[in-house]
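2 protein chains.
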Amino acid sequence: MNILLFSNSDHYDDSLIKLDGRRHKHIRHVLKAVKGDNLRVGQIGGKTGSGIIEFINEEYVLIRPELNENPPEKIPLTLIISMSRPKSMKKVIRYGTAMGISSFVIINSWKADKSYWQSPFFLEQNIKEEMLMALEQSGDTCYPEISFYRLFKPFVEDVLPKLVKKICLVAHPYAEKQAPSSINCPSVVAVGPEGGFIPYEIEKFEEAGFLSVNMGPRILRVENAVAAITARLFT
Amino acid sequence: MNILLFSNSDHYDDSLIKLDGRRHKHIRHVLKAVKGDNLRVGQIGGKTGSGIIEFINEEYVLIRPELNENPPEKIPLTLIISMSRPKSMKKVIRYGTAMGISSFVIINSWKADKSYWQSPFFLEQNIKEEMLMALEQSGDTCYPEISFYRLFKPFVEDVLPKLVKKICLVAHPYAEKQAPSSINCPSVVAVGPEGGFIPYEIEKFEEAGFLSVNMGPRILRVENAVAAITARLFT
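Chains as they are written, first to last, in our numbering: chain A, 24 to 258; chain B, 24 to 258.
Please keep in mind that the hints were generated in silico from the structure rather than gathered at the bench.
Bear in mind the structure is a predicted one, so any value in this text is a computation, not a measurement.
Treat each hint with caution, since some may be false.
Same chains, same label: a pair holds when it works inside one copy or across any pair of copies.
[Unchecked claim] When the alpha-carbon atoms are kept at most 27 angstroms apart in a straight line, the in silico BS3-like pairs for lysine-lysine are as follows:
#1 Lys200 with Lys137
#2 Lys137 with Lys55
#3 Lys55 with Lys134
#4 Lys134 with Lys176
#5 Lys151 with Lys70
Could you build the full structure based on these sequences and the hints that come with them?
Encoded structure:
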């Protein structure tokens with residue numbers, strides 16, 4: 024936890040916030056902070072800054088925040104990603120959020136096991152929690168956007184054209200072109216499930232103006248591929 | 024598992040290999056392969072190619088390998104990494120091996136909890152298994168090198184000077200310079216524990232000729248940072 028995030032509901036009065044539970048435990052037992060200490064804080068969806076501990080006991084802590092900095096900028100990347108194993112998806116959300124991806128679009132694909140859509144991880148609350156951990160890790164305050172499309176064809180035909188950005192790539196292990204690097208401009212990148220998109224799916228992306236690119240001779244796990252391509256495109 | 028790896032001890036005779044256990048299960052129940060099917064295979068430490076299933080039953084499979092391709096090249100990166108939480112280290116080893124890191128050097132640091140060194144993950148066998156999974160994922164056959172130094176000062180004074188390559192970087196969240204990208208040449212990168220190296224440690228790296236670099240305004244988990252910096256430097 025590199026920043027303590029709070030929301031409006033944590034306000035104790037106009038100038039103090041009151042934290043208990045997980046955040047209080049972190050302050051008391053991990054940071055071992057005491058009255059008068061200064062901590063890095065941020066308002067969810069808002070600014071960051073520092074906060075002085077005005078009071079702390081076994082149950083809660085009162086902090087006076089001073090917020091005057093903007094959170095780190097998001098990277099202008101929309102990640103379209105096939106549903107994968109819940110353990111992998113969790114890491115995709117975590118690493119992607121920490122790295123500053125603006126928007127996640129989770130879609131179905133031929134090779135995605137249908138049971139993945141039943142995973143409790145995809146209850147909105149669980150995703151929000153995973154994102155919160157990643158924001159706390161990376162010092163950010165703003166949740167990325169997330170959306171879900173359970174039917175591939177309506178997605179590529181109706182939604183995909185609206186997502187098009189300056190650079191549109193679909194990661195495909197057998198593509199001839201190598202993925203570009205350091206593009207640093209608004210982009211959409213599609214990443215397939217373990218085993219990749221099938222030719223029909225790649226074709227549909229290409230019809231929508233996406234360029235198929237490989238990421239080198241090594242096939243990476245989906246969460247590893249997401250971290251790698253994000254770092255490669257935005258440096 | 025994108026390649027089936029075997030070693031000399033798996034030879035059934037001069038031209039056949041016999042696999043049981045985990046690999047047999049994968050062939051039979053995940054790939055659902057039958058006699059006559061062609062699979063991607065590789066000899067640990069050697070070449071890759073294809074193998075025809077000559078026989079398969081409930082217990083084992085006999086494969087005739089034809090090996091005529093080189094595995095993907097390693098990237099010329101030595102990763103010096105502070106001991107971290109075993110769960111993180113496991114992922115560092117897994118992602119780093121899959122991405123082709125040549126050599127891991129695991130060191131102690133001020134902020135590394137001493138108990139981490141007791142973790143059963145650091146039994147050689149467990150690390151080898153984690154590396155094997157990553158080789159199977161990425162289609163590689165060669166284990167990276169790995170070494171351990173439990174004392175920081177003797178490491179930086181006696182060992183570090185011998186590790187110096189063309190580019191030597193130490194990742195430091197508060198460094199002024201940004202990490203370079205697409206260097207694609209022999210490099211050594213040092214990554215600290217959660218919370219980073221302390222100033223004394225950074226100083227020691229700098230004395231040895233390392234440049235302190237930041238990776239942007241976001242602080243990433245150690246395994247995420249390793250995947251990101253590897254992708255950034257080698258694209």
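Status of the hints after comparison with the structure:
| no. | hint | verdict |
| --- | --- | --- |
| 1 | Lys200 with Lys137 | neither (31 angstroms within a copy, 46 angstroms between copies) |
| 2 | Lys137 with Lys55 | between (46 angstroms within a copy, 19 angstroms between copies) |
| 3 | Lys55 with Lys134 | between (48 angstroms within a copy, 15 angstroms between copies) |
| 4 | Lys134 with Lys176 | within (14 angstroms within a copy, 51 angstroms between copies) |
| 5 | Lys151 with Lys70 | within (19 angstroms within a copy, 45 angstroms between copies) |
The structure does not agree with numbered hint 1 stated previously, though it agrees with all others.
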